[in-house]
Amino acid sequence: MRRILTVLLAWPCLALAQAYPAKPVRIVVPFPPGGTTDLVARMVQPKFAEFLGQPVLIENKGGAGGSIGAAEVARSAPDGYTLLMVFDTHAVNHHLFKAAPDPFKTLEHISLMATSPSTLVAGTSFAPSNLREIVARAKADPGKVTYGSVGSGSSNHLGALLLEQAAGIRMTHVPYKGGAPLVQAMLGNQVDIAFVSTPLILPHIKSGKVKGIAVGGRNRMAQLPDVPTLAETFPGFELVSWFGILAPAGTPRDAVTRVHREITRALAVPEVNQRLVEGGFEVVGSTPDEFLKFVRGESDKLGKVIRDNAVAVE
Numbered sequence: 341m342r343r344i345l346t347v348l349l350a351w352p353c354l355a356l357a358q359a360y361p362a363k364p365v366r367i368v369v370p371f372p373p374g375g376t377t378d379l380v381a382r383m384v385q386p387k388f389a390e391f392l393g394q395p396v397l398i399e400n401k402g403g404a405g406g407s408i409g410a411a412e413v414a415r416s417a418p419d420g421y422t423l424l425m426v427f428d429t430h431a432v433n434h435h436l437f438k439a440a441p442d443p444f445k446t447l448e449h450i451s452l453m454a455t456s457p458s459t460l461v462a463g464t465s466f467a468p469s470n471l472r473e474i475v476a477r478a479k480a481d482p483g484k485v486t487y488g489s490v491g492s493g494s495s496n497h498l499g500a501l502l503l504e505q506a507a508g509i510r511m512t513h514v515p516y517k518g519g520a521p522l523v524q525a526m527l528g529n530q531v532d533i534a535f536v537s538t539p540l541i542l543p544h545i546k547s548g549k550v551k552g553i554a555v556g557g558r559n560r561m562a563q564l565p566d567v568p569t570l571a572e573t574f575p576g577f578e579l580v581s582w583f584g585i586l587a588p589a590g591t592p593r594d595a596v597t598r599v600h601r602e603i604t605r606a607l608a609v610p611e612v613n614q615r616l617v618e619g620g621f622e623v624v625g626s627t628p629d630e631f632l633k634f635v636r637g638e639s640d641k642l643g644k645v646i647r648d649n650a651v652a653v654e
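In my numbering, the protein residues as written are 341 to 654.
Since the hints were derived computationally from the structure, they do not count as laboratory data.
Quick reminder that beta carbons are idealized off the backbone N, C-alpha and C, glycines included.
Hints should not be assumed to be uniformly reliable.
[Unchecked claim] Computed list of lysine-lysine pairs in BS3-like fashion (alpha-carbon distance at most 30 Å, straight line):
(1) K445 to K517
(2) K363 to K401
(3) K644 to K445
(4) K546 to K517
(5) K644 to K633
(6) K445 to K401
(7) K401 to K641
(8) K551 to K479
[Claimed, not checked] Computed Cβ-Cβ distance ranges for the label pairs, DEER-style:
(9) R558 to Q524: 28 to 34 Å
(10) K363 to D629: 27 to 33 Å
(11) I398 to D481: 39 to 45 Å
(12) Q524 to P610: 28 to 34 Å
(13) T627 to P482: 45 to 51 Å
Please build the complete structure, drawing on both the sequences and the hints.
If you want it as structure tokens, here you go:
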């Protein structure tokens with residue numbers, strides 16, 4: 341009798357596990373189309389949908405460095421049908437934007453999917469062609485060199501602040517509303533330099549539309565063998581972007597487990613993995629606990645940079 345009762349009590353959980361997903365799943369990308377976060381989402385989407393057995397719809401909702409889309413997901417029903425794809429701004433937005441949800445109270449971390457070194461690039465009309473020349477120009481004309489970013493607190497913004505500290509220079513920040521607008525600004529020579537996610541800017545470096553100055557990884561990239569690392573000029577200087585997937589806090593464990601299983605399974609598919617690697621990404625596919633620990637570390641580290649530099653929303 342006790343065994344029967346136990347089975348009956350467990351039945352709702354079993355039914356829920358069997359039912360998810362019973363309808364299409366939505367991934368909110370909190371940036372405009374064409375950026376690196378959007379690129380990662382769309383690379384993984386087909387196989388993720390195939391493995392889930394349901395359509396996966398991508399919805400771009402930009403604003404406030406990714407805070408607007410993140411806040412919408414945080415308010416969504418915690419049922420596994422609304423997910424959030426984030427960029428590295430996820431770890432710092434709560435230090436900057438009132439609209440940003442608390443990443444540790446309102447969202448469920450599922451997997452750190454991939455990382456990618458940022459690349460410092462310069463416009464073709466900007467005379468300096470290497471890092472030392474850029475530093476010399478900035479020292480000669482403080483505040484005259486401009487750098488673009490996808491918003492206050494983003495890795496490209498904080499990277500430029502760290503470069504200012506390392507080199508003892510002062511530049512002028514010009515924020516944009518996403519990776520694609522930033523790239524267009526670089527192609528149009530609207531700003532002098534920018535740290536840009538490598539997969540987004542790589543084709544334009546190869547075509548000569550922008551100048552590759554330095555990469556933010558520990559080693560030179562096979563795709564850009566002639567572009568030095570930042571650390572070759574400033575030892576220890578690294579700058580890496582990252583991408584992950586989340587759900588609203590309180591999402592059932594079975595749904596989180598299923599999403600994690602299928603997203604990491606999609607990342608491991610040879611053609612998906614190859615496209616990511618060739619595009620300049622390093623595939624990770626972490627566990628939820630690893631991802632949460634990683635974001636906490638990034639929040640603590642970069643929160644200090646924000647406070648030390650009195651970074652404010654522009």
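Practice task
Determine which of the earlier numbered hints do not hold for this structure and return their numbers in increasing order.
Solution key: Every hint satisfied by this model.
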